[in-house]
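2 protein chains.
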Amino acid sequence: MEKEQETLYAWKKRVGQELDSVVAFWMKHSHDLEHGGFFTCLGRDGQVYDRLKYVWLQGRQVWMYCRLYRNFERFHRTDLLDAAKAGGEFLLRYARVAPPSKKCAFVLTQDGCPVKVQRTIFSECFYTMAMNELWRVTGEMRYQNEAVEMMDQIVHWVREDPAGLGRPQLSGTPATEPMAVPMMLLSLVEQLGEADKELASKYLELGDWCAQRILQHVQRDGQVVLENVSEDGKELPGCLGRHQNPGHALEAGWFLLQHAIRKSDPKLRAYIIDKFLLLPFHSGWDPEHGGLFYFQDADDLCPTQLEWDMKLWWPHSEAMIAFLMGYSDSGDPALLHLFYQVAEYTFCQFRDPEFGEWFGYLNREGKVALTIKGGPFKGCFHVPRCLAMCEQMLDALLGRLE
Amino acid sequence: MEKEQETLYAWKKRVGQELDSVVAFWMKHSHDLEHGGFFTCLGRDGQVYDRLKYVWLQGRQVWMYCRLYRNFERFHRTDLLDAAKAGGEFLLRYARVAPPSKKCAFVLTQDGCPVKVQRTIFSECFYTMAMNELWRVTGEMRYQNEAVEMMDQIVHWVREDPAGLGRPQLSGTPATEPMAVPMMLLSLVEQLGEADKELASKYLELGDWCAQRILQHVQRDGQVVLENVSEDGKELPGCLGRHQNPGHALEAGWFLLQHAIRKSDPKLRAYIIDKFLLLPFHSGWDPEHGGLFYFQDADDLCPTQLEWDMKLWWPHSEAMIAFLMGYSDSGDPALLHLFYQVAEYTFCQFRDPEFGEWFGYLNREGKVALTIKGGPFKGCFHVPRCLAMCEQMLDALLGRLE
Chain A
1 MEKEQETLYA WKKRVGQELD SVVAFWMKHS HDLEHGGFFT CLGRDGQVYD
51 RLKYVWLQGR QVWMYCRLYR NFERFHRTDL LDAAKAGGEF LLRYARVAPP
101 SKKCAFVLTQ DGCPVKVQRT IFSECFYTMA MNELWRVTGE MRYQNEAVEM
151 MDQIVHWVRE DPAGLGRPQL SGTPATEPMA VPMMLLSLVE QLGEADKELA
201 SKYLELGDWC AQRILQHVQR DGQVVLENVS EDGKELPGCL GRHQNPGHAL
251 EAGWFLLQHA IRKSDPKLRA YIIDKFLLLP FHSGWDPEHG GLFYFQDADD
301 LCPTQLEWDM KLWWPHSEAM IAFLMGYSDS GDPALLHLFY QVAEYTFCQF
351 RDPEFGEWFG YLNREGKVAL TIKGGPFKGC FHVPRCLAMC EQMLDALLGR
401 LE
Chain B
1001 MEKEQETLYA WKKRVGQELD SVVAFWMKHS HDLEHGGFFT CLGRDGQVYD
1051 RLKYVWLQGR QVWMYCRLYR NFERFHRTDL LDAAKAGGEF LLRYARVAPP
1101 SKKCAFVLTQ DGCPVKVQRT IFSECFYTMA MNELWRVTGE MRYQNEAVEM
1151 MDQIVHWVRE DPAGLGRPQL SGTPATEPMA VPMMLLSLVE QLGEADKELA
1201 SKYLELGDWC AQRILQHVQR DGQVVLENVS EDGKELPGCL GRHQNPGHAL
1251 EAGWFLLQHA IRKSDPKLRA YIIDKFLLLP FHSGWDPEHG GLFYFQDADD
1301 LCPTQLEWDM KLWWPHSEAM IAFLMGYSDS GDPALLHLFY QVAEYTFCQF
1351 RDPEFGEWFG YLNREGKVAL TIKGGPFKGC FHVPRCLAMC EQMLDALLGR
1401 LE
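Protein sequence lines correspond, in order, to chains A and B.
The opening residue of the first sequence carries number 1 in the working numbering; numbering runs sequentially from there.
The opening residue of the second sequence carries number 1001 in the working numbering; numbering runs sequentially from there.
Calculated from the structure, these hints are not laboratory results.
A couple of the hints might just be wrong.
List of simulated lysine-lysine pairs, DSS-like, C-alpha gap at most 30 Å [stated by the list, open to error]: (1) A:13 - A:102; (2) B:1267 - B:1013; (3) A:197 - A:234; (4) B:1116 - A:116; (5) B:1085 - B:1116; (6) A:197 - A:116; (7) A:28 - A:3; (8) A:116 - B:1085; (9) B:1085 - B:1267; (10) B:1367 - A:367; (11) A:13 - A:3; (12) B:1028 - B:1367; (13) B:1116 - B:1197; (14) A:102 - B:1367; (15) A:28 - A:85; (16) B:1116 - A:234; (17) A:116 - B:1003; (18) B:1003 - B:1013.
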């Protein structure tokens, strides 16, 4: 017992120090003092190598700063709040391509002109997360109104009519559900419903629908989690149907665990641990070099994505959250040991003690393949979210042991 | 002299045998006898792992088969011609998404329903190449009419009005010219003008325009070839502007060499050899492990593409063609030695003596990263085109020595 407590305490300390260092990196290098918002294309030492602003990453960084401000005494700092607000104003002013339409750009120039638009819901989802958190830390209703109106639009696109997203309907395209869509919506249900009875009740049915849709991605008699299934929950033909992303399944796992906790449903929890934590880990962990593969094929064929065997930072951050949450919730020591295994690999391979933050992209053998600290898809999000959530969970576990 | 002749002869034999083996691989595994056209998603041993039909690769395989039928006695075979015609009929029937519009799909189901449409000109370009070759081998005017009408449409999209491609105009998107566009058009000018005085004269000005546009991609006082420049030939900001693709520059090199030969312009030829052959080779060849990097950044920063340091088959095929053509045309022995260097690396690393054809994707160290022989972007094109052109060039060189 004392040994367990010591190990948990050591990890809490390690995780907390790493969170400080990571937040300091983004505070120092990413703020655009001229236009508001954040540079995310940062080299190893933090140097800005491109000034484009990716809307996903703008929304995520606003969200992250607010969360830290709200939940950690040591981050309850004016500089964090001011940067979050400046990021929020940048989004309010520039994210939408052609207001009053709610469609947001995928990437903007430094001064807010749209460069690319994706025909998906994700920019809008991160916009919503940012606005809801800004409301929570400032109390200003204009943020919350933005969040709720955008949420309504997203739900309309997903459940009623996707026409506003601009995707052409083609006769050869099967009606596909990427797991990311119900996952993203489920995390928004969690976000908007936090300590808000009215919205929690408004989105109660939506949350159940999302969970049921995610569970449909368990296929082949429970043997695999597939990234894409048909809208009625069947396996799709070809590579699209066989596509697997172990880190994404693990992320879905902890989203679902939160849902099961809200529902007080231990049977569902056990199923989630089995299918969304243990299954993707055992199929996705590289027995030779350690780390999670990025993509796999359910028939063990070679994936067609060039980066399939690379080790990316975010699947490992998500796995750390998933296993620690699984352990916190179930008490199963096997899950704690998996947390230690993943966390040890992750801290050894991805951290950059010299310049701070984590490398994002390693080759199969664990060698750094890209030295960048941020880019079009890596910003101030997965790493600090993982560290902040793990610190809180480790704290709670230690509290229980005392 | 005798030594040179021996080495050239040995390579001609090696290249010719490899061409036989590669063509046999596609003949055996890729034909869709039910619907016409070709499967290109083939595993290491030729097994079909996905039945989707990528329009680029359909057009390219038709083109390749016709070229072989037309230029090589040993490939003047009915089975090759029949497969090419069946592929051509598949394209005629299904490639266009909504006739009479000429916009073609990017990928179709096995039976020809559109799955995805790209907002670029490339499906249409490979369609044109296929139709022109089918006319050359069959004499049927309906193929040539298709080719010329599609060519007119492509030129209209590129030089007059891109609206038909469906790209939204956004205020933050700089007017960018990817080098692929004038390259592709220049190769169509070469294709349609072959032994056809009328079309050669029709496209004379277009060919000059393409060459001039490609030459605009030489930037920074002749020190780099950039993949994307502004429409008036200036470097663009950020990663987009600094993006380099050494294999693509080498491919542009041999397209331009053909243009310089048509123009009988030895000054242009020397410039091309310097800027499009030697420069990308010297910057792009990995001094540590050999092989050409896939992508580079002109400021030597880390590219953001995960696959930047991988070694792909096609840059090496293109480099083989470029150096052998450069040598054939200039007589500079340094270029012949570079041909040998690239060819030796390529034959050792990419060939699969066990199952035939080449692996497409190696990691930086030269280890096979993807075992597939074909996929969404690799079909019956770069490898056999390289081998066929090299065999012909080696033949001509040996003929000169006799």
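Cross-check of the supplied hints:
Annotation: proposed proximity of residue 13 of chain A to residue 102 of chain A is violated, straight-line Cα distance about 43 Å (limit 30 Å). A hinted pair counts as satisfied when its Cα atoms are at most 30 Å apart, and residue 1267 of chain B with residue 1013 of chain B does not qualify at roughly 33 Å. A hinted pair counts as satisfied when its Cα atoms are at most 30 Å apart, and residue 197 of chain A with residue 234 of chain A does not qualify at roughly 35 Å. Distance check on the hinted pair: residue 1116 of chain B and residue 116 of chain A sit about 18 Å apart at the alpha-carbon level, within 30 Å; holds.
For the proposed pair residue 1085 of chain B and residue 1116 of chain B, the alpha carbon gap of about 24 Å is at most 30 Å, so the pair holds. With a C-alpha separation of about 37 Å, the suggested pairing of residue 197 of chain A with residue 116 of chain A is violated against the 30 Å cut-off. Annotation: proposed proximity of residue 28 of chain A to residue 3 of chain A is violated, straight-line Cα distance about 38 Å (limit 30 Å). For the proposed pair residue 116 of chain A and residue 1085 of chain B, the alpha carbon gap of about 40 Å is over 30 Å, so the pair is violated.
Distance hint between residue 1085 of chain B and residue 1267 of chain B is unfulfilled; the C-alpha atoms sit about 42 Å from each other, more than 30 Å. A threshold of 30 Å between alpha carbons decides the hint, and for residue 1367 of chain B with residue 367 of chain A the separation of about 15 Å falls inside it, so the pair holds. As the CA atoms of residue 13 of chain A and residue 3 of chain A are separated by approximately 15 Å, the hinted pair is consistent with the 30 Å bound. Taken as a hint, the residue 1028 of chain B and residue 1367 of chain B pair is honoured in the structure, with Cα atoms around 27 Å apart against an allowance of 30 Å.
Between residue 1116 of chain B and residue 1197 of chain B the alpha-carbon distance is near 37 Å, which puts this suggested pair outside the 30 Å criterion. Distance hint between residue 102 of chain A and residue 1367 of chain B is unfulfilled; the C-alpha atoms sit about 47 Å from each other, more than 30 Å. Between residue 28 of chain A and residue 85 of chain A, the direct Cα distance comes to roughly 17 Å. Compliance with the 30 Å bound is thereby established for this hinted pair. With a C-alpha separation of about 21 Å, the suggested pair residue 1116 of chain B and residue 234 of chain A falls inside the 30 Å cut-off, and the hint holds.
Pair hint residue 116 of chain A plus residue 1003 of chain B does not hold up; C-alpha atoms about 57 Å apart against a cutoff of 30 Å. Taking the CA atoms of residue 1003 of chain B and residue 1013 of chain B, the gap is near 15 Å; set against the 30 Å cutoff, the hint holds.
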